[in-house]
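Enquirer: Starting from the given sequences, assemble the full structure and let the hints guide the process.
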Amino acid sequence: MPTPTPANTLFFLCDLQAVFPLGPLDPAIDFHPLGNLHLGTFDKTTFSMITPEIQNVLIARPHIKNIVLFGIEAHICVLQTAIALRQPTFRDEPYTPYVIADCLASHNSWEVPIVLQRLAQEGALVSTTESIGFQLVGDSKHPKFKAFSALTKETKDGTARAGEVLVAGNKPEETPSPGVIKNSL
Numbered sequence: 001m002p003t004p005t006p007a008n009t010l011f012f013l014c015d016l017q018a019v020f021p022l023g024p025l026d027p028a029i030d031f032h033p034l035g036n037l038h039l040g041t042f043d044k045t046t047f048s049m050i051t052p053e054i055q056n057v058l059i060a061r062p063h064i065k066n067i068v069l070f071g072i073e074a075h076i077c078v079l080q081t082a083i084a085l086r087q088p089t090f091r092d093e094p095y096t097p098y099v100i101a102d103c104l105a106s107h108n109s110w111e112v113p114i115v116l117q118r119l120a121q122e123g124a125l126v127s128t129t130e131s132i133g134f135q136l137v138g139d140s141k142h143p144k145f146k147a148f149s150a151l152t153k154e155t156k157d158g159t160a161r162a163g164e165v166l167v168a169g170n171k172p173e174e175t176p177s178p179g180v181i182k183n184s185l
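The sequence shown begins at 1 in this note's numbering and counts up one residue at a time.
If you're looking for bench data, these hints aren't it; they were derived computationally from the structure. Treat each hint with caution, since some may be false.
[As the list claims (entries may be wrong)] Below 30 Å or equal to it, Euclidean Cα-Cα: the simulated DSS-like pairs (lysine-lysine) are:
1) 146 <-> 65
2) 141 <-> 156
3) 65 <-> 156
4) 156 <-> 146
5) 144 <-> 156
6) 153 <-> 141
7) 65 <-> 141
8) 65 <-> 44
9) 144 <-> 65
[Claimed, not checked] Ranges between beta-carbon positions, derived for each pair:
10) 117 <-> 146: 31 to 39 Å
11) 143 <-> 43: 34 to 42 Å
12) 32 <-> 133: 16 to 24 Å
13) 60 <-> 117: 28 to 36 Å
14) 63 <-> 144: 18 to 26 Å
All values derive from a computational prediction rather than experimental measurement. C-beta atoms are modelled at their ideal positions from N, C-alpha and C, and glycine is treated no differently.
Expert: Here it is, written out as structure tokens:
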């Protein structure tokens, strides 16, 4: 399996298809800081993200070997996208899907641990935000290492809560924010 590097890796944010009347993307997701790294936002009616438009994006980038997947309805969209990447119909070589366990969601939280097992069975590599981030940075001498390291420290409490709920399957009310004391009457 190829090691993910910034040169051979793309990130796919899986969300709902256009046919569901649930509204636009969450406005908190700001793609502007990505600049030319944001390759586009694509509507889809299939459960897999590998639409003809996405195939064209990938065909235009033959150096891409790894796709990092994260998003919602992991048991449907993320799973079917990972399967399609392992068995592409538009090229001979499969992609290596990396799935970010602490960045997945499902309307039933108990489905996330099940789909993580299934994703691994299908050949996806299950990882975490911090793990894949440090793998992409690669070296403490990297010019962005200090900024990335500071960001991981700044967001560690939220990442820990996400892992407890999404990966470990705990209910949100069982995972209080650090420093929060629950009062009972």
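Enquirer: Kindly indicate which numbered hints from before are broken by the structure, ordering the numbers from low to high.
Expert: none
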